[in-house]
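K.L.:
Here's the letter readout for the chains.
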Amino acid sequence: MKEFLSKMQRNLSGMSPMLWLLLIILLAFSARTARCFLSDRIDKDAVLYVEMAREWADNGIEHAFDRNPRIPPLYIGLMAASEKIGIGAETGGRIVSVLTGALLPLAVFLMASSLFASPSLPLLAAFFAAIHPFLIRMSADVMRDSLFVTLSCFTVAFVLMALSGMKFWPWLFAGIFAALGIMTRSEGCQIIIALGAWICIELLFFVGRENLPWKKYLAGSFAFLIIFFGITFSAQALFKENPSSWKVIDSRYYGYVERFLFSSSKDIPDKRRDH
Amino acid sequence: MKTLFSLKLWGSFLSKAFESVFPPFAILLLFAWKKRSEFLRGPALRFFLLFSLTLICLLFVLLFSGTPFEKRYFFTFAAVSLLLAAPGFYGIRELLLPFLNRWPFVKDNLTALLLLVLAGICLGKALNPSFEKIWMQEIAGYIKASNKKVYLITDSTDGRIAYYAGAEYVRLSSKNDDFSILKDGSGTESHELINGVLSVRGSGEIAGKWVALPGSEPGMVFLKENIRRIEEKGNKVYLLFFKDDIIKKAFLDDKVPFPLSLVKIYKDEKKRPIFLYELSH
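Note that the protein sequences, when read in sequence, are chains A and B. When we follow the numbering used here, the leftmost residue of the first sequence carries the number 4, and every step to the right adds one. When we follow the numbering used here, the leftmost residue of the second sequence carries the number 1019, and every step to the right adds one.
It is possible that part of the hints are untrue.
As the list claims (entries may be wrong) - Here are the simulated EDC-like cross-link-like pairs (lysine to aspartate or glutamate), alpha carbons at most 16 Å apart as the crow flies: (1) B:Lys1254 / B:Glu1186; (2) B:Lys1089 / A:Glu190; (3) B:Lys1254 / B:Glu1243; (4) B:Lys1089 / A:Asp46; (5) B:Lys1151 / A:Asp46; (6) B:Lys1151 / B:Asp1176; (7) B:Lys1251 / B:Glu1186; (8) B:Lys1151 / B:Glu1243; (9) A:Lys87 / A:Asp61; (10) B:Lys1167 / B:Glu1186; (11) B:Lys1242 / B:Asp1272; (12) B:Lys1289 / B:Asp1126; (13) B:Lys1289 / B:Asp1262; (14) A:Lys47 / B:Asp1176; (15) B:Lys1026 / B:Glu1088; (16) A:Lys47 / B:Glu1088; (17) B:Lys1162 / B:Glu1186; (18) B:Lys1167 / B:Glu1296; (19) B:Lys1285 / B:Glu1150; (20) B:Lys1089 / A:Asp48; (21) A:Lys10 / B:Asp1126; (22) B:Lys1267 / B:Glu1186; (23) B:Lys1151 / A:Asp43; (24) B:Lys1166 / B:Glu1186; (25) A:Lys47 / B:Glu1037; (26) B:Lys1052 / B:Glu1112; (27) B:Lys1282 / B:Glu1296.
Calculated directly from the structure, the hints in this document are not laboratory data. Computed from a predicted model, the values in this text were never measured in an experiment.
Please put together the full structure from these sequences, using the hints given.
P.N.:
Right, dumping it as structure tokens:
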């Protein structure tokens, strides 16, 4: 037994990190697929998404967003495409959630690779992302969260790669993923806020102190913003012709900040309001 | 800013954050500080920390502005926090090692054993079948058993039971509903706020609008006749009430005899009764 264990230990420690990563992604995919078979309950909002996707697939985009004009279009669009090709909007939504959820460990691995010197820590972080119970449950639901979380993590991963590897190309990928993220959930604007805050802090506190390629960073950030706004404003212009009121800059956030600054605790609702 | 003094909101914010990170990973986060030397210092780390801070601040503003808030909003933060939990894992490992001299097997294989325990806890939680709202499936299963096309008339805004059952979701509106209903879906004229209007979601030109069920008359007084008309076309009608007392009072107020017979009473997870009716024959 002892001999068998030590032999197994030798074999496992000889495996390359890429093979480990592949096994972790497979584990993530298996756990998420298994979860789909254990729960066929869907969220209340999922019924709305399915109906919107069916409307889009059956009657065209013209009135698909009448039920909730503010919803960003990416997830509903993918569900509508699934409905159109015969998979069904609900199944399509689940497939998108499972696949993007299974890729989350890869995004976490890429993020961690830029933050840690040790090669084992990125694998460990990816393993945690593969087994985290709520991230598994989220990936089995017909909701936008799985797609959004993975897109957000890939965005951050590419920005970190650009900053740590001092390369230019990851900025372009970060811009694409950030644009897809905000087309999934309005909270995707967090990356723009974080990037703006990072540039300000770096310029104020670190420019003179650290010998880093600031011009390259600024050019990269600029390229990121061009790609991001290029994709999102094009999408916004495309959706302008129908009742979708989705906007890259979600005006609700002004309301949130205003309410945060001026509301009293009596204004807090006890329950989620029904539609 | 007065909401900042609400203990209830602080409790809600912290409990949702802790719960979504998941307690075993939250424990690992506590030990991350011990292994902070593992992080590569530089602009990448500063950006990562700023991004995490932005996430927290946005969630904070969202919750403290009184916006309806769900645990799932924390999931991006949960994913990002796993990067901080990874060094914490080695922090715990180092803490345990000195106590394991008497068990050399455990000491030699501590990393693998800790990972197995963690995976066991996490996958156990993730793959534990959820029986939450199982009553929805039970009701849907009962309705689905009918071999006719089913219309589910309900006072609920939740269309899931009808969706599970493959039934037509028809809403029975009351005076308190704050939406207007288009008459037959043809124009913009809306019904006055009266009890007992049967409405469905429109599609195409009127997608998203509540539309009076074609061929139905508004009012409790016409409910029996409306159901009969649907059933005459070879359909089956079930009525599901979550606020049974309010519905019965509406009949009483309109001086209309209650025309339904009880099929079954279900209970939700809080043991509140849900009444399934059909038309008395």
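K.L.:
Would the hint linking Lys1026 (chain B) and Glu1088 (chain B) be met if the CA-CA limit is 16 Å?
P.N.:
The given pair, whose Cα atoms are some 15 Å apart, holds under the 16 Å limit.
K.L.:
Checking one constraint from the list: CA of Lys47 (chain A) to CA of Glu1088 (chain B), max 16 Å. Satisfied?
P.N.:
Since the Cα atoms of Lys47 (chain A) and Glu1088 (chain B) sit roughly 13 Å apart, the hinted pair holds (cutoff 16 Å).
K.L.:
Does the structure keep Lys47 (chain A) and Asp1176 (chain B) at a Cα separation of 16 Å or less?
P.N.:
holds, 6 Å
K.L.:
Decide if the proposed pair is consistent with the structure: Lys1089 (chain B) and Asp46 (chain A), CA atoms, cutoff 16 Å inclusive.
P.N.:
Holds, at about 13 Å.
K.L.:
Need the status of pair Lys1162 (chain B), Glu1186 (chain B): alpha-carbon distance at most 16 Å?
P.N.:
holds, 11 Å
K.L.:
Compare the distance between the alpha carbons of Lys1151 (chain B) and Asp46 (chain A) with 16 Å, and conclude whether the hinted pair is satisfied.
P.N.:
Within the cut-off at roughly 11 Å; holds.
K.L.:
Within 16 Å, alpha carbon to alpha carbon, are Lys1151 (chain B) and Asp43 (chain A)?
P.N.:
Distance of about 11 Å is within 16 Å: holds.
K.L.:
Hey, Lys1089 (chain B) versus Glu190 (chain A), does the alpha-carbon distance stay inside 16 Å?
P.N.:
Status holds; Cα separation ~15 Å.
K.L.:
For a C-alpha distance cap of 16 Å, please report whether Lys10 (chain A) and Asp1126 (chain B) respect it.
P.N.:
Given pair Lys10 (chain A), Asp1126 (chain B) holds - Cα atoms ~14 Å apart, limit 16 Å.
K.L.:
Quickly compare the C-alpha distance for Lys1254 (chain B) and Glu1243 (chain B) to 16 Å and report which way the hint goes.
P.N.:
Holds: Lys1254 (chain B) and Glu1243 (chain B) sit about 14 Å apart, inside 16 Å.
K.L.:
Taking only the CA atoms, is the gap from Lys1251 (chain B) to Glu1186 (chain B) under or equal to 16 Å?
P.N.:
holds, 14 Å
K.L.:
Is it true that the CA of Lys1254 (chain B) sits at most 16 Å from the CA of Glu1186 (chain B)?
P.N.:
holds, 10 Å
Comparing the model with each earlier hint shows violations of hints 8, 12, 22, 25; every other hint is respected.
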